[in-house]
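Next come the chains, spelled out residue by residue.
Protein chains: 2
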Amino acid sequence: MKPLIFVTNDDGISAKGIKSLIEVAVEFGDVLVIAPDKPQSGMGHAITMNHPIRLEKSMLYNNCEAFTCSGTPVDCVKIGIYEIMHRKPDLILSGINHGENASSNVLYSGTMSAAVEGAMENIPSIGFSLKDHDSDADFSEAKEFVGQIIKDTLNSDFPSHVCLNVNIPKKSDVKIKGIKICRQAHAFWADRFDKRLDQFGKPYYWLTGEFLNQDMERDTDLFALENGYISVVPTHFDMTAYKAIEQFKKWEI
Amino acid sequence: MKPLIFVTNDDGISAKGIKSLIEVAVEFGDVLVIAPDKPQSGMGHAITMNHPIRLEKSMLYNNCEAFTCSGTPVDCVKIGIYEIMHRKPDLILSGINHGENASSNVLYSGTMSAAVEGAMENIPSIGFSLKDHDSDADFSEAKEFVGQIIKDTLNSDFPSHVCLNVNIPKKSDVKIKGIKICRQAHAFWADRFDKRLDQFGKPYYWLTGEFLNQDMERDTDLFALENGYISVVPTHFDMTAYKAIEQFKKWEI
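Going line by line, the protein sequences match chains A and B. Going by the working numbering, 195 is the number at position 195 of the first sequence; the sequence numbering is gapless. Going by the working numbering, 3 is the number at position 3 of the second sequence; the sequence numbering is gapless.
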């Protein structure tokens, strides 16, 4: 029996990135797509609790069944499993995101949060991101490696409650050198707010800023990406800071 | 000089929980509040990228300066640091949430995501949640312990890039037994969608379900809560599954 592969993203169902991912996924199994009906970048692990969720059949792809969802990427995974498939798929793929999601961006990323939700459901799950924000980004080289990683995943004994954060360098004249298994770099945003005045003279703000990496070790996802490799970070959702537990024990009453 | 304490939440600025938290916080320092102008439960680590953010001065509290923000709890932290305070506060407090955020709910929780954002900024940060969803929940007993934990934090050598996930049992006839330092329990939602038809006969869905704990160890936050203790989980944002790295090394190209 062919594997059942669930595909979602955070850029919305009509993005070139999810189209590219579907084109690879259909080579490996039966594909079901549920993707947001609008861009959901930066939605992190948000779920829709205070509004109803809408689901609509989509005719956008003729190689698979597809739906749009009014909710977040995590909503897409939940409604896919519990309302549409009524079973757990064999694999969850999210992306290919237009823009990288390396380092601590895993927390902000809707693409990766869909994969993390898959890990919570104990389904092998992978979030793919290309380091190119262009809506017409070139996914041709990325697709080869996406296929390789899907094949490796389906043929492997995938660890339980883990997903993969895969980031792919932007297509350039230099070929991708290979794949590196990494840890999440310790790097952060230096945020800035662009303050403007509306037509009534009242202020509004756009969140902007730059991403700063002060983690100079060579085992990080950012190091791999900067050196022409695809980064693969095994990712889980246990956020306990185990190393700090002992220090706090003296607070116990 | 008095410490500068930043306060936010995800239930919105007028919730009883944040009012209770502010009442405790002002005993320890100068308080600045920036909280969502509407409920933002379940928003996780979402940030507002595709809409402008609005900030309005609030006159709701006479013991501190306060603003409402149209964005998410994480937006509140970012705009507080980078646009209003122009410095890092000495302490970030989030909550007190109406409802618990133990175990893997840390990922969905706007309350905890604000604290995690504080940890990313390397500011001692604490998310407080009471195991009582009632909008008129009784925070009186919780407030004593919140004060104790704030005092411990200000007097301690707080570890870098860590925050605390504090969950407090619902007020009952039995007094809270004490405080336990715990790890995040390995427990999940069994989701369900409540499907209804709108006035045009078109379906819509409400996300619902129940939380299931199959983690029977005694060192978890859920165990502490169920046994009448306040749970404190030191929490970080490195989601790397270090134990799985070796297994994936054979995928390297």
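Keep in mind the hints are simulated off the structure, nothing from the lab. Check the hints yourself; a few may be wrong.
The list treats identical chains as one, so a pair stands whether inside a single copy or across any two.
[What the hints assert, rightly or not] Dumping the calculated DMTMM-like pairs for lysine to aspartate or glutamate here, alpha-carbon to alpha-carbon at most 25 Å:
1) LYS243 / ASP215
2) LYS195 / GLU144
3) LYS249 / ASP238
4) LYS249 / ASP152
5) LYS177 / GLU252
6) LYS2 / ASP238
7) LYS88 / GLU210
8) LYS202 / GLU252
Handout entry: LYS202 and GLU252: within-copy, between-copy, both or neither at 25 Å Cα
Key = neither (49 Å within a copy, 53 Å between copies)
Handout entry: Identical-chain pair category, LYS195 with GLU144, by Cα at 25 Å
Key = neither (42 Å within a copy, 40 Å between copies)
Handout entry: Alpha-carbon proximity context of LYS249 and ASP152, limit 25 Å
Key = between (42 Å within a copy, 12 Å between copies)
Exercise for the section: Could you figure out if LYS243 and ASP215 sit no more than 25 Å apart (CA to CA) within one copy, between two copies, both or neither? Expected result: both (19 Å within a copy, 21 Å between copies)
Handout entry: Up to 25 Å CA-CA - ASP238 versus LYS2, copy category
Key = Neither. Shortest intra-copy (32 Å) and inter-copy (35 Å) distances fail the 25 Å Cα cut-off.
Practice task
Give the relationship of LYS177 and GLU252 under a CA distance limit of 25 Å: within one copy only, between copies only, both, or neither.
Solution key: between (51 Å within a copy, 11 Å between copies)
Problem - Alpha-carbon proximity context of LYS249 and ASP238, limit 25 Å - result: The answer is both: 19 Å in one copy and 21 Å across copies each meet 25 Å.
Practice task
Have a look at LYS88 and GLU210 and pick one of within, between, both or neither, based on CA distance no larger than 25 Å.
Solution key: Between. Shortest inter-copy distance 18 Å satisfies the 25 Å Cα cut-off; intra-copy 38 Å does not.
Violated hints, in rising order: 2, 6 and 8; the structure is consistent with all others.
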